[in-house]
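Grab the two chains, each in its own frame, and use the hints to assemble them into the complex.
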Amino acid sequence: MNGKQSSAGEGGADTDMAEQRGPDDPSNLPAPNPADLGELLAAAVRGGAVDADAERRVLAAFRAARDEGAHRASAHNRRRDDWRPERERRSGRSVRTTLVALVASLALGGVAVAAIGSAGDGTRDEGAERGGPLPASSVPTGPPAAAPNQSAPAQADRGFRRPTSAQDTEAHCRAYDSVKKRGKALDSTAWQRLIQAAGGAENVEAYCAEQQDEKKEKKKEKGNAGKVKPSKSPQASKTSKASKTPGSGATKNSKSKAD
Amino acid sequence: MGQGGESHRGRTSDGELGAAVARAQDGDEAAFAVAYRLVQPGLLGYLRGLVGDEAEDVASDAWLEIARDLGRFRGDGAGFRGWTATIARHRALDHLRRLKVRPRASALEQDMLDLPGPHSTHDQALESLSTEYALELVASLPRDQAEAVLLRVVVGLDGPAAARVLGKRPGAVRTAAHRGLKRLASRLDAEGVTDDGPSTLGESR
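Sequences listed follow chains F and B, in order.
161 is the number that this note's numbering gives to position 161 of the first sequence; each next residue is one higher, with no gaps.
175 is the number that this note's numbering gives to position 175 of the second sequence; each next residue is one higher, with no gaps.
Pulled out of the complex, with its shape left as it was, chain B reads as follows (with noise of 0.2 Å):
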């Protein structure tokens, strides 16, 4: 479970991106924007959940760098994904070494610490899963398991390839998402918001 719902969002598009790609690697700006319009609503989440509020900044960077290395890239749609979320990825770190701040002490992150327990009851949680309480759940999740969720779930890798943007063994990202998102279900739970959210911030298992 918990893999089944995860990609095939990412997996639909895959063969429209990757000809758009193909398309777009000719010349055809028309096909670079269609890959961009598939593309940018997941990297720009993910980016979210790197560096907060500067998601916006980091992207274009990466976009800046994917429009002109283009030509370097080899693969299908899938590919592209894993590829452009590799730029972004470094893009933010990059990102984050100027600001010297941990990825872990974003705003979502301090918003999420001092959630009320009472309007945090998973119910009410999940009818409202906004994009901004999503980003503070999973910002909420020991980095590892964010970032694992994000790459499976938001930008719609599969594990091998989020395991090669990551650099780490498929094996050890599948466990990391699985348990992030398991972590998040408990955390939608009631009053799981507030009781073990400080506590537990930051630690990996």
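Isolated chain F, as found in the complex (with noise of 0.2 Å):
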């Protein structure tokens, strides 16, 4: 006791806070567990008389401001005023985020409808292959150069001059990661033939990476030479390069064994 009058004293702080304290009943409790204490505390700290002067001060400030009209929802809301559950608010969203996907995947699909149809016969069996795990892949992308994935020249070109499926296994590449994430469909022919290719489940990342790395050599030398008019030289020459590459040749394999 002597302590903390003093010690009110020194730090000039409250005394009559320290005084309501009576620390002196003696007593035998065990030691607190988190969960008790939190029931003790806040039974302490919520303690206490409510001040009815502020009660009134503050219900007079809620008829003013129904009176003048405040309380009328607000067209536009703010977002710190949103604290419905997560799901509530997230419903909502949902229904736009689905309507945004729904079209823009409707948009893509077009194009690569477009895109298949256009490249005529001698793709039908890549395109029906490509048709299943990546509908992206088909956007045309901007100006070669630029395009970080597929661009719309290196599919024109395919149809003529690849009979390999160099592209679906860029593709299957991409995907390959997710669906290992989900654990799905690792089994499926389509991830047997990139596994084949890779020399085993283990060598697929090194396998892509080198698929990639190939691809955008080649899509400079294409962007340059596109940009002119595709000529047939130098993507033969492209080609069969790319049909040494053990993927091809296994894919290749593996596909006419299905059909």
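Calculated from the structure, these hints are not laboratory results.
Where a beta carbon is used, it is the ideal one built from N, C-alpha and C, also for glycine.
Honestly, I wouldn't trust all of these hints.
Stated by the list, open to error - Short derived list, chain F residues pointing at chain B, Cβ under 8 Å:
#1 Ala42
#2 Val45
#3 Arg46
#4 Gly47
#5 Asp51
#6 Glu55
#7 Leu59
#8 Arg66
#9 His71
#10 Arg72
#11 Asn77
#12 Leu108
#13 Arg174
#14 Ala201
#15 Glu202
#16 Glu205
What the hints assert, rightly or not - Ranges between beta-carbon positions, derived for each pair:
#17 B:Pro170 - F:Val113: 15 to 23 Å
#18 F:Gln212 - B:Arg97: 51 to 59 Å
#19 B:Gly15 - F:Arg57: 24 to 32 Å
#20 B:Asp53 - F:Ala52: 15 to 23 Å
#21 F:Ala209 - B:Pro170: 49 to 57 Å
#22 F:Ala104 - B:Pro160: 27 to 35 Å
#23 B:Leu99 - F:Asp53: 20 to 28 Å
#24 F:Ser105 - B:Leu99: 50 to 58 Å
#25 F:Glu205 - B:Asp94: 52 to 60 Å
#26 F:Gly200 - B:Pro170: 24 to 32 Å
#27 F:Leu106 - B:Glu65: 28 to 36 Å
#28 B:Asp94 - F:Glu210: 57 to 65 Å
#29 F:Arg84 - B:Lys168: 16 to 24 Å
Have a look at this one:
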């Protein structure tokens, strides 16, 4: 008690807060566990009489705001005022999101179908296979040099000069990671081909990286050549290079088996 | 542990609170009074932890804003606790900014620093856990832990709501609340109050 008095003097702290504490009751309670302690704390901290004046002032403010129409729901909601449970808020959003996704997928799907059609009959079995795992891969994206993945010229080339499925391999490579994470469908034929081509599941990543590099180089050349006019000779050399890779060969073999 | 007992107090009245808030938003003053009485004790406790003796004034400011912006609020009873706590916190931080003091340097904390050891065994402390003493204890915690404990335990928010009020990740707030309560428990233990009080103040682990 003495210590407390002096501390209040020294620190200039509020004395009457300390006065109200009565720590002199002897008792033998067990050590508090945090849950009990929480209860105790809550009871203690929330304790105390409600200030009637304060309540009157708040209610007066409520009336004033109500009477001047401040409580009418405002048109634009601030996010900080929205405390509805997460799923309620999300359901509103998900309708929008779903619509956007639907429209986007329809648009992309149309492009994909058109691309297959324009590529001609030679691509039929590729096209069928491509339709499965990666619809988004057929989006025509900007100028060839800037395109991160496949580009329109690459697609146009495919039908005539690419009997192999190097692009399918790329698509599979991209999809492989996400599929692997879900642990699904790794046993499907396409994945088996990819794994086989890479020489084992553990090599898929390296194999895909290699494919990616190769593709980038090709794209650079193609971008230059393609701007003028897609000419046959450089394409042919590239194609033969592509078909030499173990991936293309294996893919071709297994495909013919499957057919 | 530590989570079971924290917020059921709040939840038991959340249904009632939600209904009262909805009626208040339709203009029912009595319903707003009900909501006020349900929320104010926890809010005031939280504010006492933040601004000490100024809590009543800050709470008053906060409630004026709550009364004015009630029409904007969307949510249920639990949401109303979170919304009001956020408003109260902003008012408290404004207040502290005006004073140019950190919340840590409150009168409560000064008392805490100088608490005499012999009286502070947890047995005695628990038996007589007065509002002031409880607040002293909480004020002795690092700021993030103190706030987490107050929001979870005193205001009665669940983890995600407390995290939203504080603008932090739920995991961080859960950890802070847990550590805060553990630290309080050990502090209430014999001699724990004085021995490591000053040296650990303000540290956040």
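The hints, checked one at a time:
1. Ala42: 5 Å, holds
2. Val45: 4 Å, holds
3. Arg46: OK, holds: F:Arg46 within 8 Å of chain B, min 4 Å.
4. Gly47: With a minimum Cβ separation of about 5 Å from chain B (threshold 8 Å), the hint on F:Gly47 holds.
5. Asp51: Holds - the Cβ of F:Asp51 comes within 8 Å of chain B, reaching about 7 Å at its closest.
6. Glu55: With a closest approach of 6 Å, the F:Glu55 hint holds.
7. Leu59: Result: holds, 6 Å to nearest chain B Cβ.
8. Arg66: Since chain B brings a Cβ to about 5 Å from F:Arg66, closer than 8 Å, the hint holds.
9. His71: Hint holds; F:His71 Cβ to chain B Cβ min 4 Å, cut 8 Å.
10. Arg72: With a minimum Cβ separation of about 6 Å from chain B (threshold 8 Å), the hint on F:Arg72 holds.
11. Asn77: 6 Å, holds
12. Leu108: With Cβ-Cβ at 35 Å, over 8 Å, it is violated.
13. Arg174: 31 Å, violated
14. Ala201: With a minimum Cβ separation of about 34 Å from chain B (threshold 8 Å), the hint on F:Ala201 is violated.
15. Glu202: 34 Å, violated
16. Glu205: 31 Å, violated
17. B:Pro170 - F:Val113: 15 to 23 Å: 45 Å, violated
18. F:Gln212 - B:Arg97: 51 to 59 Å: Taking Cβ atoms as reference, F:Gln212 and B:Arg97 lie about 53 Å apart, which means the hint holds.
19. B:Gly15 - F:Arg57: 24 to 32 Å: About 27 Å separates the Cβ atoms of B:Gly15 and F:Arg57, which means 24 to 32 Å holds.
20. B:Asp53 - F:Ala52: 15 to 23 Å: This hint holds: roughly 19 Å between Cβ atoms.
21. F:Ala209 - B:Pro170: 49 to 57 Å: Distance hint for F:Ala209, B:Pro170 is violated at roughly 37 Å.
22. F:Ala104 - B:Pro160: 27 to 35 Å: 31 Å, holds
23. B:Leu99 - F:Asp53: 20 to 28 Å: Since B:Leu99 and F:Asp53 have Cβ atoms about 24 Å apart, the given range 20 to 28 Å holds.
24. F:Ser105 - B:Leu99: 50 to 58 Å: For F:Ser105 and B:Leu99 the Cβ distance comes to about 56 Å; the hint holds.
25. F:Glu205 - B:Asp94: 52 to 60 Å: 53 Å, holds
26. F:Gly200 - B:Pro170: 24 to 32 Å: Between F:Gly200 and B:Pro170, where Cβ atoms are some 41 Å apart, the hint is violated.
27. F:Leu106 - B:Glu65: 28 to 36 Å: Violated: the Cβ-Cβ distance is about 47 Å, outside 28 to 36 Å.
28. B:Asp94 - F:Glu210: 57 to 65 Å: 59 Å, holds
29. F:Arg84 - B:Lys168: 16 to 24 Å: 20 Å, holds
Of the numbered hints given earlier, the model fails hints 12, 13, 14, 15, 16, 17, 21, 26, 27; all others are met.
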